[in-house]
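Residue numbers (our numbering), protein chains in the order written: chain A, 1 to 199; chain B, 1 to 317.
Honestly, the hints are just simulated from the structure, not real lab data. The C-beta atom is built at its ideal place from N, Cα and C for all residues, glycine as well. You may find that some hints are simply not true.
Not close to chain B: a few residues of chain A, all C-beta gaps over 10 angstroms, as computed [unchecked claim]: (1) LYS13; (2) GLU77; (3) ASN149.
Not close to chain A: a few residues of chain B, all C-beta gaps over 10 angstroms, as computed [to be verified]: (4) ARG18; (5) GLY20; (6) ILE32; (7) MET109; (8) VAL128; (9) VAL145; (10) MET160; (11) GLU161; (12) TRP282; (13) ILE293.
Simulated pairs of lysine-lysine, DSBU-like, Cα-Cα distance not exceeding 30 angstroms [what the hints assert, rightly or not]: (14) B/LYS199 - A/LYS180; (15) A/LYS180 - B/LYS299; (16) A/LYS13 - A/LYS148.
For reference, the chains in residue letters:
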Amino acid sequence: MNTMDEQLPSYQKSVLVGGGIVGGLAFLVNIISGYAQISAEPSVTILGIMAIMSLITCLVAMTGALISTWHYSQFLEQPITLGKGALIGLFTGIAVAVVSTLLNQMWSALNPDFNQQVMESVIASFEQLDLPEEQIQAQTDMLYNSMKNSGSIRGILSSIISGSVFYGILNALTGMLGVKLFIQNKIPPRDYIDISETE
Amino acid sequence: MSLDNNIPHQYSLPWTDRNGFTHWSIALFWIIASFLLFQLFGSLVSVILLYYTSSEPLNITELTSRLQDHLELVFVGNSLSQILFLGLGTWIITRLNASKARRRSYLRMSHSGGGYKLYLGIVLLMIVIQPLIWFLSWVNVQIPVSESLMQLEEMQTQLMENFLRGNNYIVWTFIHIGVVPSVCEEILYRGFTLRALEKSWGPVAAIIVSGVIFGFYHLRLTQALPLALIGILLGYIAWATSSIFPAMVAHLVNNGGSVLTLYFFPDLNFAELSPERMPPVWLTLLSIGATLIILYALKYLTRTGLYKQKYQHYEHV
């Protein structure tokens, strides 16, 4: 094992900081877009706006690893590899998925009608599209089934797993970016010898 | 400049090793990324071709109907994206795990020992293993699968059968279903993935894991077991022969065989090839025995062939 790795501080706290902050932000964006959907008149344009809001949620979620690596850089005295940054990002993405799923479940418990209203609004907007009846019915059934399962243990686990994979991959990439931005300019300790400097 | 011989110069290490990544993580990343790119690009190309070859603008219903009547365009998109991402993309990504000079070696793109006997053995192997694949298909059918997944698979099977029975030139059908997947998927799985997993976990785990991933990659849960077996078998062939070319031939025999079977025997019912009844036990046991014998013979042939290649020049001294 590389002796440098043995000297590195733990990154768990940084992962929790980044994952907690961004998980909360992603939940907020989700709630805001949900209420925007409920209050608007059903139309095809709304579906486009919802797609953009989903994209914004993804972009927000991707910043988790940047926050984690910045936080971790405060405790480092030496640079770390891109691989380590990707690992920190992966765990941050999992933390984002867990936090945002749990917050969504808490919100559903406080406001049980929220998911139902969002689903009805989406279906009403979907019916504005010029699609065959069978296709609209298939989409409606799919939405209804996902809403029905969302509060169950299976639904929660499914949401965490799929979120972890998706946000984990995205944050692994931004974790590498974070290492480049915040950590790789760190000065290594005096007892680390860069092989390229040896004669 | 003198270097400690135990510490490799950092610039001789590939990007993956220099930057603290593991080979298996890069392989996993590329499998997911190439799959998504392959699906997206293939669908995009197919839709563009459907629009381009239509004389009038299409709505979604007409597009779906046209898709059923022009499956050859769907397979053109499929083949193009396989070549671009599974084949060429993997060749480029390998640069992360291996230096430029070692890229072919990393992907096992070298000739195996054994000559024509090896390839004859490969063809025979893919024939004798069919009863075992039939048995695993029967086992797989017993495992309950959700209704929606069953419907999706039936749609895929119907799509494939319609294409195979359609009025398409046999050569193009053979290329789309036989040649392209056997080259591109082998580069991805038995070239890149097998080697990357082998470097991280050793050959046994690499063969099994790459085979299982290959089995689930086709998104056909009712055929996951037989597909995983084929993946494991191809992985073993590539490892034992130190070359992906025998695995490519094996893959071609498997895929191309179904194309030629339906071409020469058009009355064959496609559904009968995915049985709900168990094959005869004696046939399954015979298949297992014959498979093991041929695999042992292939390993012996390869070892002998490689030995001869290595020491051939000494015969002229």
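Task: Structure-inconsistent hints, enumerated in ascending order - done: 4, 5, 6, 15 and 16
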